[in-house]
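Asks: First to last, the sequence lines map onto chains A and B.
Under my numbering, think of the first position of the first sequence as 1, with each following residue one higher.
Under my numbering, think of the first position of the second sequence as 1, with each following residue one higher.
I should point out that these hints are in silico values taken from the structure, not numbers from a laboratory.
Accuracy of the hints is not assured; some may be wrong.
As the list makes no split between identical chains, a pair holds if one copy fits it or if it spans any two.
[Said to hold, decoys possible] Subject to a maximum C-alpha distance of 25 Å in a straight line, what follows is the list of computed PhoX-like cross-link-like pairs (lysine-lysine):
1. K65 to K44
2. K350 to K164
3. K314 to K338
4. K65 to K334
5. K32 to K44
6. K118 to K43
7. K323 to K110
8. K292 to K118
9. K264 to K32
10. K110 to K226
11. K319 to K226
12. K89 to K110
13. K32 to K43
14. K259 to K334
15. K89 to K164
16. K44 to K11
17. K164 to K299
18. K192 to K44
19. K43 to K11
All values derive from a computational prediction rather than experimental measurement.
Here is how the chains run, residue by residue.
2 protein chains.
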Amino acid sequence: MSHGGDLESYKNCYDGELVDYSSNINPLGMPKGLEEVIVDGVKKLEVYPDIRYRNLRNYAGKYLKCKEDNTVLGNGAVELIDNFIFLAKRILICIPSFSEYEERALIHNKEVVSISYKEDFTIDIQALASTVQEGDMLILGNPNNPTGIRIGEDELISIYNIVKKNNGFLLLDEAFFEFCPRDYDSIELFRKTDYINLGIIRAATKFFALPGIRLGYGCTYNKVAKMIGENQLPWNINALAEVAGSYIFNQREYIEESKVYIEKERNYLLSELSTVSFIRPYFTNANYILIKLLNTDEKCVFNFFLHRGIIIRKCSSFKGLNKGFIRIAIKNRKNNNKLIETFKELDRLKVR
Amino acid sequence: MSHGGDLESYKNCYDGELVDYSSNINPLGMPKGLEEVIVDGVKKLEVYPDIRYRNLRNYAGKYLKCKEDNTVLGNGAVELIDNFIFLAKRILICIPSFSEYEERALIHNKEVVSISYKEDFTIDIQALASTVQEGDMLILGNPNNPTGIRIGEDELISIYNIVKKNNGFLLLDEAFFEFCPRDYDSIELFRKTDYINLGIIRAATKFFALPGIRLGYGCTYNKVAKMIGENQLPWNINALAEVAGSYIFNQREYIEESKVYIEKERNYLLSELSTVSFIRPYFTNANYILIKLLNTDEKCVFNFFLHRGIIIRKCSSFKGLNKGFIRIAIKNRKNNNKLIETFKELDRLKVR
């Protein structure tokens, strides 16, 4: 299992509806009203999407607060990751992180150099500075998956400067950024640079709870945005993703409510899980929590939760982690309580 | 304009609804009942599509009458074209043909060798046989776009044997195959070969009138299908395309009705257009007609039709054609009559 969300593989293992704690989707579900907007748009399936996605680009630019010619759009964030990697010479990744960085790089025959995060999963700036070479593309999850740690504002500027000094490219995968507290916004932070040597990727997948619609968006230097547009497949984004984009980016209330909701549940889960003796949850800025297992392994925990109808994310498939880690999503209070109870139940069994 | 269907660019040029004769979509529209199926599926946007598309692959395999492990699925036919090209060393194309064959090959840094179709747009087998080299991938539209000519059964076997003898790969782009008369089925024809050295691509785009949904499917050697699956982006097909696939492939009546409808309108249009003196329509097996302009050019004809609310396809963007060609779709009787009347109107003006 190299990705979460694969319920199909486990549907016969539990007699009831599985609760998916392995994929990290906004527990509020898609924005209210979107369903009607999509239903109204079904007839658009009979015509090609705009080959230049003019409206969608306009909406995304306004939402991200960047110019239209700095925006990039993709068939999910993962297509944009692929598009950026395609332009690179050599790829630097920090591990553990989203497996597709390396996957896509290898598919495109790029050399991949891995740097380990420090033990607390913060970035080893010294190791980074001594590794980065002329023209390298550094990919960082911000916040990183599966660790949940967001790069600090000053740290981010330092990293950007290291990369820029080497004529490199900093690619920030911010698929979960919208779940984070509002201390800073990377797109605002780098506006003055015109995003030269920089790419920032976000997506409707996680924050707008639309993994099925396949819509990624982001911001980069205008010349890079143009190159990506030229290399992409025509009509790479489906017509209903185009329809959704015209709606979701304007849902201010939903966006605010989601941030508040996740913050509250994040604090609740972190607090409750801290009382479970066999695990060590890591602090997170995202809508998921990495957990170190102190005296058991991912398989035991996975199976225990599966038998109670909960799918968690085993983490040994992340390079740089081992069987001693799992990741859980942050969902609604009812499910979070079920999750906490299951942890506590297992804790009691282990203690005996 | 390197592709048809770009209504967005012309919406301000005509005061009324434009009729799109530049893209070749089934005039019956999407299968009846599909709208309801998709509307019922909207909630699926909140979960990831099955990362292995197990059900979709099963439905496609049954529809195409090939084994599941021979099927390939894509974000539209164009993604599959790209996926096959990615595996090739050198690409042979016949011109004029769909511009993306060369586009995608160049993006992937493949050498491209062009062979011209003969003057009647049939394949120059001798030129082909003397050009094909060890390991080449030959891409042929079947029927070809924009010419509408389908490769004959015996001719196709000869071409396959030439390619196979050179350890090459024959890629058939059959995005319009389902519109053709039922003389033969390429998937059936090559079943005995297990599709070694062969790929066949079709799509929901044209025949099922779903350009917005982005669903391509096809059939190839099982080892090639596996490689393509491994190279593709995860979740490349959106959840509603997955839903649509569970429905459209079973619509036997719609499939039959579409074939009959297109055949009737094809004959009607070919017959009516043969009376227009300034054009020479080519015989076609597809749902579009290539037209040679005898004493005018594409721009004049395009503008004349645009002012009457009809978008036709200029063909000079096809390598191997010049400004003396246009392509029109085959649509419903009402629109076809409007199209014919507009040709006749222009004919009268030209004659004066």
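Asks: In ascending order, which of the hints set out earlier in this document are inconsistent with the structure?
Replies: 1, 2, 4, 6, 7, 17 and 18
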